[in-house]
Amino acid sequence: MAYRDTDHDDHSHGHVSYLVIFFALVIFTGISVIADVVHIPSTALKTVIVMSVAVAKATCVLLFFMHIKFEGNWKYILLAPTTILAIGLPIALMPDVATSYYISDVPQKYDYDEFMAVHGDHGEGHGEGEHSEAGHHGAEHGHDEGDHHEGDSDKHDGDIDHPEPNEDTSGADATESSEE
Amino acid sequence: MSDSSSHSAGSNLKMGLPIPNSKLGMWLFLGTEIMFFTAFIGSYIVLRMGSQGWPSDPHVTHISVIAGGINTFVLIVSSYCVVVAHDAMLKKHFKTALKYLWITTALGFLFMGIKSYEYYGKFTHGILPGKIAENDWQAAQQALAGFDDAVEDTGYSDMKLELAGLEKEVAGAEGGAKETMQARIDELKKSIAAIDPFANDVKQFKTYVKKEEWDFAELTQEVSTLKESYPEKASHIHEPHVILYGNIFASTYFLMTGFHAIHVIVGLILFGMVLKQGNKLDETWTDWVENSGLYWHFVDLVWIFLFPLLYIVDFA
Numbered sequence: 125m126a127y128r129d130t131d132h133d134d135h136s137h138g139h140v141s142y143l144v145i146f147f148a149l150v151i152f153t154g155i156s157v158i159a160d161v162v163h164i165p166s167t168a169l170k171t172v173i174v175m176s177v178a179v180a181k182a183t184c185v186l187l188f189f190m191h192i193k194f195e196g197n198w199k200y201i202l203l204a205p206t207t208i209l210a211i212g213l214p215i216a217l218m219p220d221v222a223t224s225y226y227i228s229d230v231p232q233k234y235d236y237d238e239f240m241a242v243h244g245d246h247g248e249g250h251g252e253g254e255h256s257e258a259g260h261h262g263a264e265h266g267h268d269e270g271d272h273h274e275g276d277s278d279k280h281d282g283d284i285d286h287p288e289p290n291e292d293t294s295g296a297d298a299t300e301s302s303e304e
Numbered sequence: 002m003s004d005s006s007s008h009s010a011g012s013n014l015k016m017g018l019p020i021p022n023s024k025l026g027m028w029l030f031l032g033t034e035i036m037f038f039t040a041f042i043g044s045y046i047v048l049r050m051g052s053q054g055w056p057s058d059p060h061v062t063h064i065s066v067i068a069g070g071i072n073t074f075v076l077i078v079s080s081y082c083v084v085v086a087h088d089a090m091l092k093k094h095f096k097t098a099l100k101y102l103w104i105t106t107a108l109g110f111l112f113m114g115i116k117s118y119e120y121y122g123k124f125t126h127g128i129l130p131g132k133i134a135e136n137d138w139q140a141a142q143q144a145l146a147g148f149d150d151a152v153e154d155t156g157y158s159d160m161k162l163e164l165a166g167l168e169k170e171v172a173g174a175e176g177g178a179k180e181t182m183q184a185r186i187d188e189l190k191k192s193i194a195a196i197d198p199f200a201n202d203v204k205q206f207k208t209y210v211k212k213e214e215w216d217f218a219e220l221t222q223e224v225s226t227l228k229e230s231y232p233e234k235a236s237h238i239h240e241p242h243v244i245l246y247g248n249i250f251a252s253t254y255f256l257m258t259g260f261h262a263i264h265v266i267v268g269l270i271l272f273g274m275v276l277k278q279g280n281k282l283d284e285t286w287t288d289w290v291e292n293s294g295l296y297w298h299f300v301d302l303v304w305i306f307l308f309p310l311l312y313i314v315d316f317a
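Residue numbers (the working numbering), protein chains in the order written: chain X, 125 to 304; chain Y, 2 to 317.
Just so you know, the hints here were simulated from the structure itself, not pulled from any lab data.
For clarity, every value in this text was computed on a predicted model and none was experimentally measured.
From the three backbone atoms N, C-alpha and C, an ideal C-beta is built for every residue, glycine too.
Honestly, I wouldn't trust all of these hints.
Stated by the list, open to error - One side only, chain X facing chain Y, incomplete, derived with CB under 8 Å: (1) Leu149; (2) Ile151; (3) Ile155; (4) Ser156; (5) Val157; (6) Met175; (7) Val185; (8) Leu187; (9) Phe194; (10) Pro214; (11) Ser228; (12) Pro231; (13) Tyr236; (14) Phe239.
Full structure from sequences and hints, please.
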């Protein structure tokens, strides 16, 4: 390996190699920022890019700046348990919160449905509940003042006491749209 | 193993790992630190994935990818300086080591400065855990609380209490005392009269907010009218705005970046101990520089993950 060539004694790994790692880290950071600034249409792709870059950077720092590459085998014994637990923790939490088939029944959910019905893409996620009706009014009879007010006051009722009829339909809508 | 004690003094056998105890201690500590930050980062990822929405618009969250990117760069440069400093320590170039450690420390302060600037932006816009309105009703309550506080700040109710007390006493008083009291009463009445219009308008706003039905656009209008009418008393009050899932966002953001910042401060103290040695710096400090360097790289490592997770990633 090119890095090893400059490795003359046990400890000194040479400034040139550190500089190479440094520039690699800077370039990786640049890639992350660029990935955010240019609008990548797929959020999944963007996530994969920036998280891969983060892993690459972390590997560089660990291996070279923290000298893990040049340490004895104790490094495995010392770091394996904590690494396994660190990876295991989020995976263990996942079924509780993030992967349920239903949307967590939090108050924000109702406002979010409304928000999406009014501001979101009108083509998606409209059921037959009150919310989609409000969206309908907004889209087609937006010029009609009376209609508007009616829709708005509906909204506030929804904010405060969350009428039951919404629950089923909006929940189903949300699952649909989050799948898309 | 048990017969290691019977070996003669010249034995090559050595118990333990071929690294200084302090370094082993540091690595064990970093092992626990990995778990510490994983708990926060893991919960954040799971909470965010489990949420239907998340505030991701930079104009709402006041998260600037440029500020985060610059801070990432700052930490990377500082990490580089630490490895160079440690290298210099091994070569007994203590002056060089000091120079690079000074740069590292300065960069640590720069990181904290940029972080403070980012925090300041969030504080002034009320992006704080538990302080964000997540629906119209909460936004109205928040505006109302702001106006109530603004009235209180003028000392309105205190003055009213004092006035009521004095008015009771003044009847029984005589001579000079009565005159002083009367003067104070007039003074209070004048001050109260000056605040009265504002207090009454706030009262009216309160009745409006307590109504069964109101319109958010109308509420916003009411708030800005109140603000404009009393700029010196109420200009600091935020226009009502709703950020869905804003509180959980703020909680996770401040938890992660806050604990990271505490680690940066601890790192700066570790380097400060070396810098304090000045020209007296010698090879006895080499392990210290290596261990605090390991710690500093770890702090950099955490930020390497926090940066994309907080500033860039958009979970679908």
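### Query
Quick check: which numbered hints come out false for this structure?
2, 3, 8 and 9
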